[in-house]
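Residue numbers for the sequence shown follow the numbering used here, beginning at 6 and rising by one.
If you're looking for bench data, these hints aren't it; they were derived computationally from the structure.
There's no promise every hint is true.
[Stated by the list, open to error] Derived lysine-lysine pairs resembling DSS-like cross-links, with alpha carbons at most 27 angstroms apart:
#	residue 1	residue 2
1	Lys72	Lys163
2	Lys92	Lys146
3	Lys72	Lys92
4	Lys72	Lys41
[Unchecked claim] Taking CB as the label site, the calculated pair distances span:
#	residue 1	residue 2	range
5	Lys26	Asn46	21 to 27 angstroms
6	Lys60	Glu181	38 to 44 angstroms
7	Asn45	Glu175	33 to 39 angstroms
8	Asp122	Asn8	21 to 27 angstroms
Beta carbons: idealized from backbone N, C-alpha and C, even for Gly.
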Amino acid sequence: MQNDFQHIFNRAIKQDRLAQKSIYEMFSGKMLAVAKSYVNNFDDAEDILVTAFFKAFTKIEDCRDSKSFPFWLRKIVVNDSINFIRKSKNLLYVEGEIEHIGDEISDEEMENFPDFDLEKVLSQMPLGYKLVFNLYVFEDKKHQEIAEILNISEGTSKSQLNKAKKWLVEFFRTQENEKFVKK
């Protein structure tokens, strides 16, 4: 399988359109899900996907090798998603310091959530919270990196992550209450 992809990747570097189409078909579903996790609109996610693949195929020789391609492509999709949000000015951050006394949501509490449709839950999360949450949790970025990427302070990044965790706790409490009331 890796040898097949290596061959397709090498052809794509030479701008072979069939190889590029094969790569698009292999990765478009996953990358669309990544873009959709940042923007709630399917059409916007598709636009981001097309732009990201165009960049990837235009600069594919910059990718170190076929093994790193999926990660390299994901980085392009994430960056394009963030840039899209910046340009559309849909990003709202609530400034303020983190409330330290008893308001932190522990990682253990976060792990006790029931099974759920992550995409559905994140689509309902406020955009500022979601962007920081995605970068921190799914892209494994540190607050300093998030602050640089989003052009916000490190404190705002921490605050938004904390508020995202609180939002999730409240969301799941509401879900549990609704289940209890329906019984």
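Report the numbers of all earlier hints that the structure fails to satisfy, in ascending order.
Checked against the structure, the hints that fail are numbers 1, 3, 7 and 8, while the rest are satisfied.
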